[in-house]
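**Q** Letter by letter, the chains look like this.
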Amino acid sequence: MPYIPHTEDDQQQMLKAIGVDSIEALFDEIPAALRCDGFSNIPAALTEMQVSRLMNERAAQDQAGLSFLGAGAYEHHIPAAVWEITTRGEFYSAYTPYQAEASQGTLQVIYEYQTMISSLLGLDVSNASLYDGATALAEAVLMAVRANRRSRSRRILMPRAVHPYYRDVVHAITHTQGIHLTEVPFDPATGRTELTALEAIEDDDFAALVIPQPNFFGVLEDADGLTDWARKRDILVIGAVNPTAMALLKPPGEWGAEGGHIACGEGQPLGVPLSSGGPYFGFLACQQALVRQMPGRIAGRTLDLEGKQGFTLTLQAREQHIRRSKATSNICTNQGLMVTAATIYMSLLGPTGLTNVASQCHGNLRRLLDRLEGAAGIAPAFRGLPFHEAVLKLDRPVSEVLAELDAQGIVAGVGLGEWYPELDRCLLVCTTETKTDDDLARFADALGAAVKGGH
Amino acid sequence: MPYIPHTEDDQQQMLKAIGVDSIEALFDEIPAALRCDGFSNIPAALTEMQVSRLMNERAAQDQAGLSFLGAGAYEHHIPAAVWEITTRGEFYSAYTPYQAEASQGTLQVIYEYQTMISSLLGLDVSNASLYDGATALAEAVLMAVRANRRSRSRRILMPRAVHPYYRDVVHAITHTQGIHLTEVPFDPATGRTELTALEAIEDDDFAALVIPQPNFFGVLEDADGLTDWARKRDILVIGAVNPTAMALLKPPGEWGAEGGHIACGEGQPLGVPLSSGGPYFGFLACQQALVRQMPGRIAGRTLDLEGKQGFTLTLQAREQHIRRSKATSNICTNQGLMVTAATIYMSLLGPTGLTNVASQCHGNLRRLLDRLEGAAGIAPAFRGLPFHEAVLKLDRPVSEVLAELDAQGIVAGVGLGEWYPELDRCLLVCTTETKTDDDLARFADALGAAVKGGH
Amino acid sequence: MDEALIFERSRPGRAATSQFPESAQSNDIPAELLRTSPPLLPQTSELDTVRHFTRLSQKNFSIDTHFYPLGSCTMKYNPRACNSLAMLPGFVGRHPLAPATRSQGFLACMYELQEMLQEVTGMAAVSLTPMAGAQGELAGVAMIRAYHVNRGDLVRTEVLVPDAAHGTNPATATMCGCTVKELPTDAQGDVDLAALRNAVGPQTAGIMLTNPSTLGVFERRIDEIAAIVHEAGGLLYYDGANLNAILGKVRPGDMGFDVIHMNLHKTFSTPHGGGGPGSGAVGVAPRLEPFLPLPVVARDDGHYRWVDADERPLSIGRLSAFMGNAGVLLRAYVYMRLLGAAGMERVAEYATLNANYLMVELRKAGFDLAFPDRRASHEFIVTLKRQAKATGANAMDFAKALLDEGYHAPTTYFPLLVPECLLIEPTETESKETIDGFVQAMQRILAQAHEDASHLKGAPYSTPVRRLDDVRAARQLDVCYAPANTPEAPEAAEL
Amino acid sequence: MDEALIFERSRPGRAATSQFPESAQSNDIPAELLRTSPPLLPQTSELDTVRHFTRLSQKNFSIDTHFYPLGSCTMKYNPRACNSLAMLPGFVGRHPLAPATRSQGFLACMYELQEMLQEVTGMAAVSLTPMAGAQGELAGVAMIRAYHVNRGDLVRTEVLVPDAAHGTNPATATMCGCTVKELPTDAQGDVDLAALRNAVGPQTAGIMLTNPSTLGVFERRIDEIAAIVHEAGGLLYYDGANLNAILGKVRPGDMGFDVIHMNLHKTFSTPHGGGGPGSGAVGVAPRLEPFLPLPVVARDDGHYRWVDADERPLSIGRLSAFMGNAGVLLRAYVYMRLLGAAGMERVAEYATLNANYLMVELRKAGFDLAFPDRRASHEFIVTLKRQAKATGANAMDFAKALLDEGYHAPTTYFPLLVPECLLIEPTETESKETIDGFVQAMQRILAQAHEDASHLKGAPYSTPVRRLDDVRAARQLDVCYAPANTPEAPEAAEL
Ligand SMILES: Cc1ncc(COP(=O)(O)O)c(C=O)c1O
Ligand SMILES: Cc1ncc(COP(=O)(O)O)c(C=O)c1O
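Protein chains in written order, with the numbering used here: chain A, 1 to 455; chain B, 1 to 455; chain C, 1 to 495; chain D, 1 to 495.
For the record, the hints were derived by calculation from the structure and aren't laboratory data. Here the structure is a predicted model, which means the values were calculated and not measured. Cβ atoms here follow ideal geometry from the backbone N, Cα and C, with glycine treated the same way. Treat each hint with caution, since some may be false.
Distance windows between CB atoms, simulated [said to hold, decoys possible]:
| hint | chain 1 | residue 1 | chain 2 | residue 2 | range |
| --- | --- | --- | --- | --- | --- |
| 1 | D | Asp310 | B | Gln177 | 20 to 30 Å |
| 2 | C | Glu22 | B | Glu400 | 43 to 53 Å |
| 3 | D | Gln104 | B | Arg383 | 38 to 48 Å |
| 4 | A | Glu24 | D | Gly13 | 12 to 22 Å |
| 5 | D | Lys364 | C | Ala482 | 29 to 39 Å |
| 6 | B | Arg383 | D | Asp310 | 29 to 39 Å |
| 7 | A | Glu29 | C | Leu416 | 21 to 31 Å |
| 8 | D | Pro184 | B | Ala33 | 19 to 29 Å |
| 9 | D | Asp310 | C | Glu22 | 41 to 51 Å |
| 10 | C | Ala342 | B | Ala200 | 50 to 60 Å |
| 11 | C | Glu22 | B | Asn41 | 19 to 29 Å |
| 12 | C | Gln476 | D | Lys364 | 36 to 46 Å |
| 13 | A | Gly409 | D | Ala342 | 27 to 37 Å |
Given the sequences, and given the hints that come with them, work out the whole structure.
**A** Next up, the structure:
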């Protein structure tokens with residue numbers, strides 16, 4: 001019996017000890033009328049050999065190709081050590097570290113992770129992860145609404161240049177609590193969220209302003225200016241940032257004269273594979289003053305009976321298992337294993353490594369744009385400075401171009417028309433450090449030919 | 001610097017402590033005239049990302065296809081747990097367990113392995129592995145020559161139905177010690193090593209007879225009869241066996257009235273991937289009386305200071321590091337990690353599992369042969385009962401058939417003409433438990449069509 | 001052996017250089033956008049990093065190393081094949097926005113998983129997107145609310161929750177803008193029906209239940225409860241954490257539930273990973289299908305595709321940037337294919353057998369059961385109230401002493417209504433000998449409690465650290481390393 | 001925690017059924033060929049098996065968890081990428097007899113590895129087939145013999161071996177049908193040249209050396225030795241175990257060696273795996289190329305292929321069924337590409353820096369060096385003769401006490417000619433702090449030896465077992481489990 005160790009003998013002895021004749025008897029408290037009789041619509045068991053073959057065949061169908069997809073999930077080099085260690089049984093098959101003394105491995109990893117993330121974001125404290133970047137932004141919004149005592153509104157300034165799916169998720173999660181997202185338009189020339197757009201908004205009581213850095217179009221925002229503007233109006237600042245970029249860019253905690261309050265984002269670029277969109281992890285950090293409003297688990301350092309250092313979950317009074325309906329969030333299971341991977345990743349890369357990755361991502365985009373310069377029918381859609389993604393305006397329907405490159409084994413990016421009707425013939429492309437000069441040349445040539453071929 | 005942790009500071013402090021100015025100074029005992037100046041012909045370092053890409057591209061070139069190759073290396077299902085555990089750092093990056101107290105994991109694994117192998121072969125004791133099946137046979141031959149006090153010859157009866165590469169290896173390793181391999185022909189009708197062939201040999205003083213089970217053609221030998229024949233003449237019996245088959249077949253220790261003396265073989269089928277031919281491992285077991293003639297490491301159970309059970313390498317007085325030029329063999333490093341994998345494999349399969357694998361391997365061959373029955377131009381070359389390999393005689397040059405099937409993604413087997421001129425148009429095919437009915441049908445159809453197509 | 005913080009191993013200038021590219025030459029980002037000091041990431045060699053995290057891992061208890069009878073958590077064996085197959089390059093390398101041409105293998109798995117989960121739960125449709133149980137709950141309650149709102153029934157914002165419920169249930173209700181009404185439990189562990197009748201009304205959005213309940217017993221009058229709530233106009237939400245107990249025996253859909261989340265990281269054996277990732281796929285009765293969170297996978301003529309928002313205008317929307325924890329879903333899919341229909345039924349059978357056996361053996365060993373007259377489901381509760389009174393050793397002390405015996409502790413002090421509570425769940429993948437060993441350990445601890453309870457207060461003794469000071473942890477908050485905030489001189493960096 | 005034998009966990013009828021097919025229905029094998037009782041393999045569940053071996057693994061010291069300065073063994077970091085890339089499905093699934101159409105990726109790696117190893121050693125040609133150092137030695141000595149025989153020089157069967165040589169050297173000579181002549185070492189650790197001159201003659205087949213020698217010092221008069229041996233008509237064999245010390249500084253080919261084996265599992269960082277697999281690739285000077293063991297990889301017009309026996313009629317033949325430890329070779333290939341030319345040179349530099357630093361620090365700490373006037377190569381020898389006399393604590397006691405300190409012990413009692421010998425090799429991948437920590441541990445042990453040597457005799461204290469009785473192991477031989485031969489009632493199976 002797959003994964004069930006009971007021998008006939010065991011079973012008989014156990015039933016005898018219990019004092020019943022059959023396993024069936026153990027279900028006698030279930031009303032007979034409700035009983036079902038097994039499953040008719042589930043296939044019979046396969047052996048591991050058979051499932052392996054099936055899965056290998058399915059996986060082989062889904063070839064990545066030479067991909068320039070980004071849009072919230074990024075292809076980075078992941079050191080082999082990361083997942084060889086992360087999938088060790090002791091990390092992989094442990095539960096949330098409730099019994100601290102039996103979970104020092106996981107707890108110390110979380111503590112180290114919190115330290116790295118706090119520093120990367122320039123803030124004081126980090127939690128132990130949320131589900132993903134989008135839900136982290138939703139939690140940040142909820143947190144800001146709770147924390148902003150000066151604001152009586154439940155309105156959030158949400159730039160249109162934030163990932164459209166993130167905006168969807170934030171809406172889905174927060175609107176039942178009466179939270180309203182006020183859209184802030186982007187400047188069609190720069191692709192940035194300009195101060196003028198904020199000033200044009202009529203309402204003036206907002207709980208928080210979300211600042212994406214870089215934004216969904218890959219463009220770097222004037223985070224300082226936006227932060228100062230919000231700070232002056234007692235609006236909390238939430239940075240929604242790319243963690244790789246943070247190795248180079250000024251972190252949310254240092255934005256403007258006084259710094260942002262909260263930062264969050266998608267942790268996937270830090271050692272987590274693309275994996276069809278998950279599991280990833282959301283990171284969230286904030287200023288010390290807000291720590292009690294933070295959702296999710298937090299590991300703390302303390303001492304044991306003998307005065308020796310050790311780690312334990314702390315500030316649990318914020319959480320659902322203690323505070324129940326008054327908890328800061330309902331989150332329980334988070335993305336622990338991904339955090340383990342990210343902590344190993346950040347340790348292996350170190351400050352220099354992560355900075356180099358960021359600079360290569362950016363440098364590759366620069367090289368790609370340089371190559372495309374002058375290509376007929378291809379032009380950057382925005383003037384704003386990009387990090388590692390850029391929007392290209394094409395002189396041919398995006399879907400045709402995508403299909404043509406797909407046939408050559410190149411996945412060119414995502415078309416923006418579905419999300420931004422105003423960016424109909426626009427393609428969002430991304431370059432990470434994984435791309436070589438040859439890759440860039442191959443892509444630029446193919447793209448150029450495809451756009452030209454449309455005429 | 002890849003894998004070197006020294007900071008500039010470390011280096012300075014260390015040089016200072018040593019009292020030299022530069023690392024270069026540490027090489028001052030090397031005569032200047034001999035010094036080389038680095039490497040000009042080795043490419044510059046790549047990052048792990050770059051090497052990963054290179055290796056992924058190279059690996060992708062080498063697709064296995066639907067393969068019916070056997071001939072000494074067999075494609076079996078390997079449970080995922082086997083290599084996930086085997087490559088854990090504690091097994092993977094440990095040395096030979098010289099410090100027993102710091103190596104109980106490896107030592108207990110070896111002890112458990114020895115037990116499993118001994119039992120599989122029906123013998124009393126096993127060593128901790130040799131390099132591969134071929135060298136295990138060479139060591140078995142050397143061991144038999146040392147052990148057989150009744151024989152004054154250094155002659156070995158070596159059936160022609162033993163894997164030709166094994167015969168090559170045994171010759172290469174043993175001939176410098178004056179050991180002579182006397183070839184025993186196989187019966188062209190049955191493919192077996194018949195008693196009549198033995199009786200036809202003129203010399204009568206032999207140290208040992210090698211009995212392959214199954215033999216290279218996949219055919220089952222009359223191991224009982226051959227053993228009894230040899231036993232009567234004070235010739236030691238060495239079984240060279242397939243370990244999967246041993247789950248079904250009578251083991252060497254039980255052959256004939258008194259049993260064989262030594263058994264050896266290739267351990268690869270027990271959880272080790274095909275991997276271009278290695279690393280595999282050779283197994284070797286023998287009767288208790290011969291244990292002091294055994295080459296290689298042996299783990300034994302003993303007690304510690306407190307009377308607690310523990311494991312340690314034992315009978316080291318046989319080995320090169322103690323006995324030096326009088327050792328039973330020069331082997332030092334063996335194939336420890338493969339033994340770890342095999343021990344986990346055998347534990348997961350258990351007696352029923354391994355038996356079922358063996359019976360499916362055999363059953364699949366039967367089904368294939370049944371399907372081929374009546375196919376024009378294809379016939380079994382031998383009448384002898386096969387285990388999971390069979391020799392097919394084709395009515396078309398083998399190389400043409402191989403090429404035609406290769407183009408369809410099928411690797412049909414190996415042609416025997418190079419090794420056995422008398423089996424020129426013969427193809428050795430193998431079926432393991434990995435083959436489905438569809439696979440067999442696809443192969444039979446393609447083979448039938450290819451042979452027919454040649455006309 | 002102690003393991004210093006990775007930051008304490010850090011040395012300026014040290015780096016695992018094979019892991020990163022050279023810095024790009026040109027940098028056209030203006031200075032005012034750049035950070036001025038590098039982040040506090042460790043500067044360590046690859047060897048030291050590998051060694052550090054390998055050694056840290058060894059400080060964990062886990063299924064792969066220990067019996068882990070943590071009630072409500074279903075800590076069963078996570079087949080290694082589920083991991084290795086979900087991590088095949090084709091799956092791990094697939095971008096979430098990859099075109100359909102490069103997605104059919106993955107989508108086929110997801111589609112079939114949806115179908116199998118429908119069958120298992122008796123629901124009409126499934127969405128795989130929620131990323132853990134709590135997010136599944138959020139999806140469920142949001143759907144219930146959306147359903148009422150869509151019918152114009154705007155006042156239904158009360159959610160009924162039994163007092164034994166997991167904390168995520170009330171927390172979720174709040175997150176969905178609802179208010180929580182707690183329901184008492186009767187002496188037999190069933191919901192107090194009179195209280196329920198009193199509680200329902202025109203404001204009732206629904207009830208959140210799990211059955212068997214978190215008390216480890218099957219709610220026998222579930223059809224009555226369903227009738228009461230449905231008649232009052234509310235819907236029934238099933239917390240799937242306890243599905244392991246009933247697979248193939250009774251289906252939430254057949255019990256009258258309208259919506260359910262499944263903890264794939266429990267019943268479907270995807271790993272807990274030291275705290276996630278999980279997956280909280282949701283299933284719904286037909287009337288809630290239009291509200292399912294997106295994305296969902298559809299099949300047209302053998303071709304798989306995402307169902308998009310246009311086709312589901314009533315959907316509660318998107319709960320994750322992409323499609324949730326896809327890699328976890330793949331693991332659950334592999335697990336279900338390995339077990340097949342018969343295997344899925346056996347799960348409940350042997351989980352229940354193990355729980356009932358362990359329960360009677362502990363009773364024989366002198367322990368008190370919270371519900372002595374009831375069958376255990378896949379888990380059950382021992383209350384140490386009597387022992388705590390007699391010896392001073394409480395549930396926490398037993399839990400810590402179990403660690404010294406080489407067993408992870410059961411869940412302690414949950415559900416809250418049982419004093420000195422141990423919620424024990426052995427799961428179906430553990431053998432009789434393991435369970436017997438655990439009973440013997442509990443007996444030894446019990447004897448120790450009577451002999452010298454103060455010894456238990458000092459437990460654990462054999463773990464990498466002794467009992468930790470949680471109060472200090474909360475009061476002298478230290479959640480982020482800085483050389484200055486180390487509570488005492490860190491011990492000399494040892495290897 | 002103790003871990004019972006897997007056989008003690010076995011229960012009739014238990015099985016990990018997902019791992020094997022059903023039995024095939026028909027069985028046409030006659031009864032007399034069948035076995036009559038099943039083999040003694042354990043009957044365990046997958047969970048118990050995973051748990052058993054995972055727990056066993058934790059009982060090992062290893063590079064990934066501990067500093068492991070085992071002299072002569074070069075226990076350096078094994079990059080994880082070497083493992084994961086060598087285990088890519090294309091490589092792991094490749095059958096050794098796969099057709100050339102399905103082999104170009106693999107063969108390209110092998111060809112380039114041959115080329116790089118030629119460059120590294122200064123030899124004219126390389127064969128990758130030997131499966132460990134000792135088999136490389138066998139290949140080397142066999143080639144030397146074949147060379148002499150081919151020239152009709154049939155009496156050259158004596159092999160000279162310094163007394164400090166590794167045991168495989170004399171054992172190999174014997175295996176090749178040669179006789180061994182031992183050479184003494186002088187007080188400075190060099191070969192005694194007078195003795196060498198006396199030893200050579202018309203029967204000299206060759207000499208087996210490693211340089212730096214196993215005494216951790218560089219043989220300074222290597223050119224004189226080469227001249228003496230060559231003039232006498234013998235050839236020089238280089239034991240490559242110590243290549244880590246000289247990479248890029250001096251090449252065996254340039255020192256006059258005619259043949260060399262390389263321990264890829266040492267210098268080229270493929271893992272030791274708890275005792276293998278290794279790889280002992282051999283390199284030769286031009287005159288020995290015709291004798292190289294097969295197979296070898298050639299390139300014609302960008303196409304890679306095996307060189308077969310027809311092209312190499314003088315080859316000593318085949319030493320493994322296929323081509324040796326291919327997976328190990330892939331790991332070495334990846335390693336060399338990761339290091340590149342400059343990285344390969346740094347290996348020797350930092351291995352030497354670490355060894356010399358550790359040597360002087362131990363001397364400062366009060367330890368005696370076997371060769372105090374010499375530079376350390378990548379390793380060096382401490383002799384505890386003085387301490388053993390003064391305190392009674394010997395090299396073995398120091399070794400065991402180091403385990404309690406969290407360090408694997410150096411090599412003890414080898415080379416045999418140095419009394420109370422510790423051969424210490426830190427390797428280049430260890431950091432200064434690690435080395436400093438080791439020195440401190442040695443100091444603590446030294447202090448303990450003077451204070452209470454009997455305490456050291458009891459070491460180790462913290463390992464899974466205390467010091468083991470090797471004499472009992474050999475006398476009451478127990479190398480195969482049977483329920484009856486258990487030395488004492490096995491302890492209650494614990495988890
Ligand atoms: C009864 C019950 N409900 C809900 C949950 C929440 O699930 P998750 O932790 O996946 O959010 C859990 C698990 O902790 C649980 O045990
Ligand atoms: C000096 C020396 N020579 C030869 C060998 C033999 O190498 P192997 O163990 O790979 O056979 C070793 C390693 O143990 C060694 O240290």
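**Q** Give a verdict on every hint.
**A** Comparing the hints with the structure gives:
no.: 1; hint: D:Asp310 x B:Gln177: 20 to 30 Å; in the structure: 27 Å, holds
no.: 2; hint: C:Glu22 x B:Glu400: 43 to 53 Å; in the structure: 52 Å, holds
no.: 3; hint: D:Gln104 x B:Arg383: 38 to 48 Å; in the structure: 40 Å, holds
no.: 4; hint: A:Glu24 x D:Gly13: 12 to 22 Å; in the structure: 21 Å, holds
no.: 5; hint: D:Lys364 x C:Ala482: 29 to 39 Å; in the structure: 35 Å, holds
no.: 6; hint: B:Arg383 x D:Asp310: 29 to 39 Å; in the structure: 33 Å, holds
no.: 7; hint: A:Glu29 x C:Leu416: 21 to 31 Å; in the structure: 24 Å, holds
no.: 8; hint: D:Pro184 x B:Ala33: 19 to 29 Å; in the structure: 27 Å, holds
no.: 9; hint: D:Asp310 x C:Glu22: 41 to 51 Å; in the structure: 48 Å, holds
no.: 10; hint: C:Ala342 x B:Ala200: 50 to 60 Å; in the structure: 58 Å, holds
no.: 11; hint: C:Glu22 x B:Asn41: 19 to 29 Å; in the structure: 23 Å, holds
no.: 12; hint: C:Gln476 x D:Lys364: 36 to 46 Å; in the structure: 41 Å, holds
no.: 13; hint: A:Gly409 x D:Ala342: 27 to 37 Å; in the structure: 35 Å, holds
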